[in-house]
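> Chains as they are written, first to last, in this note's numbering: chain A, 19 to 319; chain B, 19 to 319.
Heads up, some of the hints might be wrong.
Given that identical chains are not distinguished, each listed pair holds provided it fits within a single copy or across any two copies.
As the list claims (entries may be wrong) - 30 Å max Cα-Cα, derived DSS-like pairs, lysine-lysine:
1. K262 / K20
2. K124 / K210
3. K64 / K120
4. K64 / K37
5. K124 / K313
6. K203 / K239
7. K120 / K239
8. K37 / K20
9. K239 / K20
10. K29 / K143
11. K203 / K29
Derived from the structure by calculation, the hints contain no laboratory data.
Residues per chain are reported as follows:
Number of protein chains: 2
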Amino acid sequence: MKLYVNFQIPKDVEEALEKVFAVTRDAAPDVDAALVVNISPEELEKMPRLRFIQVATAGLDHLPWSHIPPHVTVAGNAGSNADAVTEFAIALLLAAYKKVLKYAEKMRRGDYNRDIAIPQVAGSKIAVLGVGEIGSRVARVLSLLGAEVWAFARSPREGPWRFTNSLEDALRRASAAVCALPLNKTTANLVKYDHLALMREEAVFVNVGRAEVIDRSGLLKILRERPSFMYVSDVWWSRGDFSKDSEFYSMPNVVATPWVAGGYGSVEVWHKMMRQAAENVMTWALGGQPRNVAKREDYES
Amino acid sequence: MKLYVNFQIPKDVEEALEKVFAVTRDAAPDVDAALVVNISPEELEKMPRLRFIQVATAGLDHLPWSHIPPHVTVAGNAGSNADAVTEFAIALLLAAYKKVLKYAEKMRRGDYNRDIAIPQVAGSKIAVLGVGEIGSRVARVLSLLGAEVWAFARSPREGPWRFTNSLEDALRRASAAVCALPLNKTTANLVKYDHLALMREEAVFVNVGRAEVIDRSGLLKILRERPSFMYVSDVWWSRGDFSKDSEFYSMPNVVATPWVAGGYGSVEVWHKMMRQAAENVMTWALGGQPRNVAKREDYES
Numbered sequence: 019m020k021l022y023v024n025f026q027i028p029k030d031v032e033e034a035l036e037k038v039f040a041v042t043r044d045a046a047p048d049v050d051a052a053l054v055v056n057i058s059p060e061e062l063e064k065m066p067r068l069r070f071i072q073v074a075t076a077g078l079d080h081l082p083w084s085h086i087p088p089h090v091t092v093a094g095n096a097g098s099n100a101d102a103v104t105e106f107a108i109a110l111l112l113a114a115y116k117k118v119l120k121y122a123e124k125m126r127r128g129d130y131n132r133d134i135a136i137p138q139v140a141g142s143k144i145a146v147l148g149v150g151e152i153g154s155r156v157a158r159v160l161s162l163l164g165a166e167v168w169a170f171a172r173s174p175r176e177g178p179w180r181f182t183n184s185l186e187d188a189l190r191r192a193s194a195a196v197c198a199l200p201l202n203k204t205t206a207n208l209v210k211y212d213h214l215a216l217m218r219e220e221a222v223f224v225n226v227g228r229a230e231v232i233d234r235s236g237l238l239k240i241l242r243e244r245p246s247f248m249y250v251s252d253v254w255w256s257r258g259d260f261s262k263d264s265e266f267y268s269m270p271n272v273v274a275t276p277w278v279a280g281g282y283g284s285v286e287v288w289h290k291m292m293r294q295a296a297e298n299v300m301t302w303a304l305g306g307q308p309r310n311v312a313k314r315e316d317y318e319s
Numbered sequence: 019m020k021l022y023v024n025f026q027i028p029k030d031v032e033e034a035l036e037k038v039f040a041v042t043r044d045a046a047p048d049v050d051a052a053l054v055v056n057i058s059p060e061e062l063e064k065m066p067r068l069r070f071i072q073v074a075t076a077g078l079d080h081l082p083w084s085h086i087p088p089h090v091t092v093a094g095n096a097g098s099n100a101d102a103v104t105e106f107a108i109a110l111l112l113a114a115y116k117k118v119l120k121y122a123e124k125m126r127r128g129d130y131n132r133d134i135a136i137p138q139v140a141g142s143k144i145a146v147l148g149v150g151e152i153g154s155r156v157a158r159v160l161s162l163l164g165a166e167v168w169a170f171a172r173s174p175r176e177g178p179w180r181f182t183n184s185l186e187d188a189l190r191r192a193s194a195a196v197c198a199l200p201l202n203k204t205t206a207n208l209v210k211y212d213h214l215a216l217m218r219e220e221a222v223f224v225n226v227g228r229a230e231v232i233d234r235s236g237l238l239k240i241l242r243e244r245p246s247f248m249y250v251s252d253v254w255w256s257r258g259d260f261s262k263d264s265e266f267y268s269m270p271n272v273v274a275t276p277w278v279a280g281g282y283g284s285v286e287v288w289h290k291m292m293r294q295a296a297e298n299v300m301t302w303a304l305g306g307q308p309r310n311v312a313k314r315e316d317y318e319s
């Protein structure tokens, strides 16, 4: 079987793939499967026999869905970066919520006043939006810290939290929220001004999913109205071209990082993602059941 | 029974105490017990009938031990701020270890380069020094995040960690350490240059216990020698007079906060501490077994 790869993968991953596939860098007519970060309509057109696309990233929102024929199976890579993103989500939340960023900056300036009250995680309502591989881990850590965790998702999932499929119920009077929702048709622009306004006056909203889940103008509005409301995010609408969202980074109630929670912040994590993606496409080739198969209807418009 | 209180306590706590005690602000000869943050030799001399001292803070290192008669029982308040300090310890660790502080500062400056590698907690060796109320909770969270936790203490304690009573074994090749040791005769100046030098080149050392557990000059030495070694601390030798340790705060590999992890950073936590201290002194008065009774030999010189 022939596997098309259109980006650089680690040597050990390529060697593993070669045990199962003839690996090629050419989008040729006899290609059966593809391992990609993204794929263009032009590439797709050159591979009429293609039956399986393995995407190396957890998210699948960036694919040209309308150009992928219905008989092609698409698998994502959820879980491969979940440990890393979970750690980063907790880091972002606690750095802001526990006022570490503010006190560290004050101390550096020689201001030793203890004039910022530090809220507690234990006993506070914290919403976790999305309880997939990342959200469920984040929720478990917050639960261990004694938070009253409300988990929001489409479908119920059991765990040490109170489940709801109402975004309003999850966010109402919450002290903090961590968003780990995937971006798809049902989540695009889901979180609006009115939802954020339901949270407590001094709430911290953390985003490690996708920026596009948040209504950009609604977020700007609440950040301008409520100096005590904090938005802490690793993901931006501009994706890699961060300058386009720079109006956020300079706001005093925003903490920004440049999309580094997962594979873009660590070669080690990136390699782990590649290994898991390679395993999944080999599972498919050997007749097994691949993981993270996408529901097309979540993405097709 | 008469209870001497020498600092301001919340009204509800005072009302609760008055159900059991005659509460006084005078160090009178007929006082049976004292509820204090600290007590002076002069106060002690005025209360010859004193049999019990309840300290409102978790640490007991600041008491004038040589002036406390052997027949007086001293109880601390460990656990009362443990949730808060645990949250802060994890916040300090992850803010530094996951490079949130560095990336947030870069983004604010308009530097969007992803040129700082982010290490993982999962799979890394992390030492927890002290596995009391705080250390054991910190260790549980790190274990849930997938860290290989090494717990160091005098006496073994069971949990999701590898226990050792060798400080060298705990710190050798560790990626990070969280110190939650109490300060007493056995821990004063315990952690020296040679111990810190056993850790990985880019290790992060977090302190939420007492500064005096660390050899100050040894720490300064390693911070000057290894720019990649980070010291992240809420506690300082100067205690409340932070300016005396300002040489640390301006170092690029130090993150400092002004002793705010527990009761000094949150009125809510302080009140909780007062309630627990009041309950303990009432337990003693009613003939029960008070918690956190100090071992004098740990403190007497």
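> Hint by hint, note whether the structure agrees.
Hints, one by one, checked against the model:
With identical chains, the CA atoms of K262 and K20 are never at most 30 Å apart, being 40 Å at best within one copy and 68 Å at best between copies. Taking the shortest alpha-carbon separations for K124 and K210, only the inter-copy value of 28 Å comes in at or below 30 Å, while the best intra-copy value is 33 Å. For a Cα distance limit of 30 Å, the shortest separation of K64 from K120 qualifies neither inside one copy, at 54 Å, nor across copies, at 44 Å. Proximity of K64 and K37 under a CA criterion of 30 Å is satisfied intra-copy only: 25 Å inside one chain copy versus 85 Å between copies.
Taking the closest pair of Cα atoms, K124 and K313 never come within 30 Å of each other, the shortest separation being 48 Å inside a single copy and 38 Å across copies. In this homomeric assembly, K203 and K239 come within 30 Å of each other (Cα to Cα) only inside a single copy, at 24 Å, whereas the closest approach across copies is 56 Å. When the C-alpha separation of K120 and K239 is checked against a cutoff of 30 Å, the pair qualifies both within a copy, at 23 Å, and between copies, at 27 Å. Taking the shortest alpha-carbon separations for K37 and K20, only the intra-copy value of 11 Å comes in at or below 30 Å, while the best inter-copy value is 82 Å.
With identical chains, the CA atoms of K239 and K20 are never at most 30 Å apart, being 51 Å at best within one copy and 58 Å at best between copies. Taking identical chains as interchangeable, the C-alpha atoms of K29 and K143 lie at most 30 Å apart only when they sit on different chains, with a minimum of 27 Å there against 46 Å within one chain. When the C-alpha separation of K203 and K29 is checked against a cutoff of 30 Å, the pair qualifies neither within a copy, at 36 Å, nor between copies, at 54 Å.
Hints 1, 3, 5, 9, 11 from the earlier list are contradicted by this structure; the remaining hints agree with it.
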